[in-house]
Amino acid sequence: VYALKINGRSTVVEAEGQTPLLWVIREWVGLTGTKYGCGIGVCGACTVHLGGNAVRSCQVPLEGAHSFEITTIEGLSADGSHPVQRAWLTLDVAQCGYCQAGQIMAVAALLATTPHPTDNDIDTVMSNLCRCGTYARIRAAIHLASSILASEQGK
Amino acid sequence: MNDPPVSRRDFLAVGASVGGGLLLGLCLPDAMAHKRMAEKRGAHVRLSAWISIDPNNTITAFVSRPEIGSGVLTSTAMLLAEDLDADWAALRIEYGQVAPNLPGMAFGDRSVIGSQSTLSDYDRLRRVGAQARAVLVRAASLRWNVPAHEIVTRDSMLFHEASGRRLTYGAVAAKAATLAPPDADSIVLKPLAACRLLGKATPRRDSAKVLVGAEVYGIDVVLPGLKYAAMAISPIRDGRIKSYDAAVAMRLPGVQAVVEIAAMPSPTWPASPVPLVAYHAAEPSAASISRTDAAIAVIADRWWQATSALSAMPILWEDGPNGNFSSDEWDSRHRAALRGAAGVEALRVGDAERALIDVVTRVDAEYYVPLIHQAALEPLSCTALVTEDRFELWVPTQDPDRALLTAAAALGMPWQVGEVHIVRSGGSFGRRLTLDYVNQAAQIAQHMKGTPVKLIWSREQDMRHGSYNPSALSRLSAGFDGTGNLVAWRQRVAGNIQSKSTGLLPVGRVYQGYLGGADLSPQVLGAGNVLLDSISIPAPITLGTARSVDSYPGAFFLQGFIDELALAARQDPYDFQRSLLEPRRLPAHLPDRDEMVAKMLRWRNVLDTVVTRAEWKRTLGPGRGRGLSIFQHGETCTAAVCEVRLEADGLLTVERVVFAADPGNVLNPLGAKAQIEGGIIFGLTSALYGRITVEKGRVVQGNFNAYRLIRMNEAPLVEVHLVPSGGFWGGLGEVGVPTMAPSLTNAIFNAGGPRIRNLPILSNNLARRA
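For the record, the sequence lines run as chains D and G. Quick note, the first sequence lines up with residues 1 to 155 if you use this note's numbering. Quick note, the second sequence lines up with residues 1001 to 1770 if you use this note's numbering.
Keep in mind that the hints were calculated from the coordinates and are not lab data. The structure displayed is predicted, hence computed values, not measured ones. Treat the hints with care, since some could be wrong.
If you want the footprint, here are the derived chain D segments under chain G, 3+ residues with CB under 8 Å [as the list claims (entries may be wrong)]: (1) 8 to 22; (2) 58 to 70; (3) 74 to 88; (4) 132 to 139.
Chain G is nowhere near these chain D residues, computed Cβ spacing over 10 Å in every case [claimed, not checked]: (5) 26; (6) 124; (7) 152.
For glycine and all other residues, C-beta sits at the position ideal for the given N, C-alpha and C.
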């Protein structure tokens, strides 16, 4: 039995300690916005924040996660108002959309440490796969989210 | 199953919606019978519909096709809303979940395939919207006692300007539901240019839910009492289960059952009474294949428990007949066949073999394209519930109706007692036309009667039990006469087409892409002496379709080779391509010559566009190169320039892609560009990395570490230019793909690299030529 704090709420999970956090989030906690894509930490569809850092939740066992604050796409904002989500909506980024929760979580973590990422920063950090090929719009949306954040903080 | 074709009039009807408003929808005898049957059971059933208008003016557009990422929810709703004059911002959009779609197929074919959704739906759905508007106007004219032609509609409102009166659609919806709509064929649609939605850049309407993680994909379906299944499929096609120890799995946490899934052939589909898209029409059994191999499933409270128990459980397989199959050997057989006896002739104009003897300059080459995997990011899944007398599916698929038939066949139950709930797919690219996963989920659920079970494939299964885009080889020979005119073209293709049993490559336009699009290529036909044939050797591989299908190998063969011909002719590739697009080159007696001339002009237009935009003649720096290609997929004509940087040691960077497309008309420019941008990345990914191989009957690649996809840092700058010439609806979902491989290999050559005739590109040594 593990106590987890996900999206600001405490919850108790009865699962084996080796269970990947991805499956705990999806099937024990019931938050299905975090996606399974590869199970080997390559694709990034399962990206969540663990103690504020973007991690691939398919590679994090439950027993290694329970002491951290966990944020999933459902907890990024109550209503899709996070600057990254707004940028994605404005630029019509998503196609099938399956990878986008992971992309958005990765970008939200990036902007928290690097508010004005260069294209080079983006190339270095953004390793999430998008099979629909939305990379150009993701790149543009990262820059837009960055400027939304800056203008909000300027207020 | 042999009902006569259903006309629009037969199935379009108005009725009252649940809320007492207008429902414009379907009124087939089958649908009515199903409704009564469901009501007897006390089940909630909604008569299928295109449009419903409630008294509170809530308007819902029901979309019959599944959303796999191509934007069909938005584009279909645009078609329904345009002539209805519905308030776009307030319009609700839902799937038209309809049980009794077969055999009358009231919604028509609901599959998303071959970039054909808009082509198939444009006319009929606009007319549905217009019919709905007509009965609303008529209801208002009766209410106000004014002539219908004095009533104007806008944003879901009716206006009578002379008297200053106005009503919502909802206010007259109940009355409208009692009126007969006008004959669909009698409606004159306004021209595209006069439309307020169609042709305008329109953001997708399904994004908001996606971006907060609230969209339910197939893998996310949750039902009361749901159990999860993980499955091991015979690693070799037609292999058998030798032994397994279920007790090991049963002892592990959460495990409920271990069940066997029987190998099954694909069922035959009933003939559809409504016109199907081209692929289906030509080869009804080819597009959707649902055979399954023997498999063992573990059912547990959670999928992770099921998959853990499955990997703990010892399973032994018998190889069966295909334990020695190797894709390399299959390719070798095809390669030998390229030089062997004649294949099945596809096109003969003049005497190409004779002309090749007489030519002054002759060029020969062999090209190869391997098996390609769709690699949608969401692994396959299907949720099924089977009871004594009914079954239900929640399935992410490109083809809901054949999913229903597949499950019915697997269960030995009539399709009439089944129901398909369309759920969103996290990508598909052709894979979800192959319905093996539906068959398996149905079989598993039959073992668990009364309990809904969600089967989820692992990524490794998704990659190793695919339905791959066929590998293909082509041998091309062409020659020039003494004055430098291209006067002979001889091409043979060896490869398997989309399905198992067909044996030989079919002739004609449906599969033109395999022959380099050449039987339709105005460039090739201008040679005057043309011979095209094909050879196909069946293999124990499940073949299917990946985004752009036969155009992927076809464009590479045609446009890679034309670049070689330009070199042989000592011409700039653009100048050479352009010289092949002279109408006077076309033989005078050519059937459909006028059509071919028109096509030439469209090809010239995209070619000139892309060359201008890419500043083709501008000199590039050292180590840089650019490549050009042009291809027509379906009716959409495309051209692309790729720019690359190639280090001396062969390190390759794709820097920029400039792309032009003439799809005839464009429904939503924003979505059109998105689809092309995505197709470009898909095509680059396949060209650079895409290759599935089979050794000892087993697919080698099992995850994204072995089957690489392009990432952000490899994605080039992309410019898409739409140059619609009007008059037709070409597709957009696939058209970005075909030109990528040839533009890229031509660019690599131009940068001083090798001439690449074998894909994927990165299987070649790219070091610059000395």
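Hint check:
1. 8 to 22: holds (count 4)
2. 58 to 70: violated (count 0)
3. 74 to 88: The restraint on the segment 74 to 88 of chain D holds, since 7 of its residues have a Cβ under 8 Å from chain G and three suffice.
4. 132 to 139: This one holds; 8 residues, not fewer than the three required, reach chain G with a Cβ under 8 Å.
5. 26: 8 Å, violated
6. 124: 7 Å, violated
7. 152: 18 Å, holds
When the structure is compared with the earlier hints, violations turn up for hints 2, 5, 6 and for no others.
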